[in-house]
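Protein chains: 2
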Amino acid sequence: MSADACVFCNPSGETVVWSDARCRVLHVTDAGFVGFCRVVWNEHVTEFSDLDEADRNHVMKVVVAVERSLRSLLSPHKMNVASLGNQTPHLHWHVIPRYRDDSRYPDPIWAAPRREPAARALPGDFAAKLRNAIASAVA
Amino acid sequence: MSADACVFCNPSGETVVWSDARCRVLHVTDAGFVGFCRVVWNEHVTEFSDLDEADRNHVMKVVVAVERSLRSLLSPHKMNVASLGNQTPHLHWHVIPRYRDDSRYPDPIWAAPRREPAARALPGDFAAKLRNAIASAVA
Numbered sequence: 678m679s680a681d682a683c684v685f686c687n688p689s690g691e692t693v694v695w696s697d698a699r700c701r702v703l704h705v706t707d708a709g710f711v712g713f714c715r716v717v718w719n720e721h722v723t724e725f726s727d728l729d730e731a732d733r734n735h736v737m738k739v740v741v742a743v744e745r746s747l748r749s750l751l752s753p754h755k756m757n758v759a760s761l762g763n764q765t766p767h768l769h770w771h772v773i774p775r776y777r778d779d780s781r782y783p784d785p786i787w788a789a790p791r792r793e794p795a796a797r798a799l800p801g802d803f804a805a806k807l808r809n810a811i812a813s814a815v816a
Numbered sequence: 678m679s680a681d682a683c684v685f686c687n688p689s690g691e692t693v694v695w696s697d698a699r700c701r702v703l704h705v706t707d708a709g710f711v712g713f714c715r716v717v718w719n720e721h722v723t724e725f726s727d728l729d730e731a732d733r734n735h736v737m738k739v740v741v742a743v744e745r746s747l748r749s750l751l752s753p754h755k756m757n758v759a760s761l762g763n764q765t766p767h768l769h770w771h772v773i774p775r776y777r778d779d780s781r782y783p784d785p786i787w788a789a790p791r792r793e794p795a796a797r798a799l800p801g802d803f804a805a806k807l808r809n810a811i812a813s814a815v816a
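Protein chains in written order, with my numbering: chain A, 678 to 816; chain B, 678 to 816.
There's no promise every hint is true.
Straight-line alpha carbon distances no greater than 27 Å define the calculated DSS-like cross-link-like pairs of lysine-lysine that follow [claimed, not checked]:
no.: 1; chain 1: B; residue 1: K738; chain 2: A; residue 2: K738
no.: 2; chain 1: A; residue 1: K738; chain 2: B; residue 2: K755
no.: 3; chain 1: A; residue 1: K755; chain 2: A; residue 2: K806
no.: 4; chain 1: A; residue 1: K738; chain 2: A; residue 2: K755
no.: 5; chain 1: B; residue 1: K738; chain 2: A; residue 2: K755
Read the hints as simulated data drawn from the structure, not as lab findings.
In isolation and in its complexed conformation, chain A is listed as follows (with noise of 0.2 Å):
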């Protein structure tokens, strides 16, 4: 996939909760993974092994933000951290936060679901609290 036809080089609709020069953070309102995010790296590099040490100590740290940000907004029961890009080869993180009765539990997203998820809302003012836990955790 060239640059030109890459979902995050030409990005549509983003909701981006946090960014520096590297890489930002995208809030996925998905209803049936509520607090579901993604660490993009804003350059078109397909694997993490195509990134140096310094920007992939700086990828993860970032990643490790949003996950920490999660668990202290949402309590969930496990978080899940995936970089696949099979579909889209862009590297990006899926920081996903895991209940015991969303809609796959305890199998990964992808897998076929096994329930009805349970309805969960989120804190008020969600973005605001992870941007700023995130800016004081990369900080």
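Fit chain B to the given chain A structure using the hints.
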């Protein structure tokens, strides 16, 4: 889950390719996903974000060493990396070479199969070559 009941605290039948004091690399012998490896943190820790920065950078250095070694040895179409742990909440990273003709591509390996996977053999002395490549990369 207590450490007593944890398969990574009480391993049985693991194929350890490489290890150091903090973590170990397992070769998962899965005929459908040839070259599949796991990087297991030795201590019973649940989440990636439970580690401090030095330990996180170390485990990701090993993950990247595995990813680069697998790319070099197997030339997959894509690499997938994930830390889920819903079933076994002891920190481990899946590092999975993906091919266009594997059973799920381009879906994650946990999705429903799309096709019978193409037969694929590992190079001779795969484990020894992988061990050497990881050792060189981590050194």
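Each hint, compared with the structure:
1. B:K738 <-> A:K738: holds, 13 Å
2. A:K738 <-> B:K755: Holds, at about 23 Å.
3. A:K755 <-> A:K806: holds, 20 Å
4. A:K738 <-> A:K755: holds, 19 Å
5. B:K738 <-> A:K755: holds, 23 Å
In this structure, none of the earlier numbered hints is contradicted; all agree with it.
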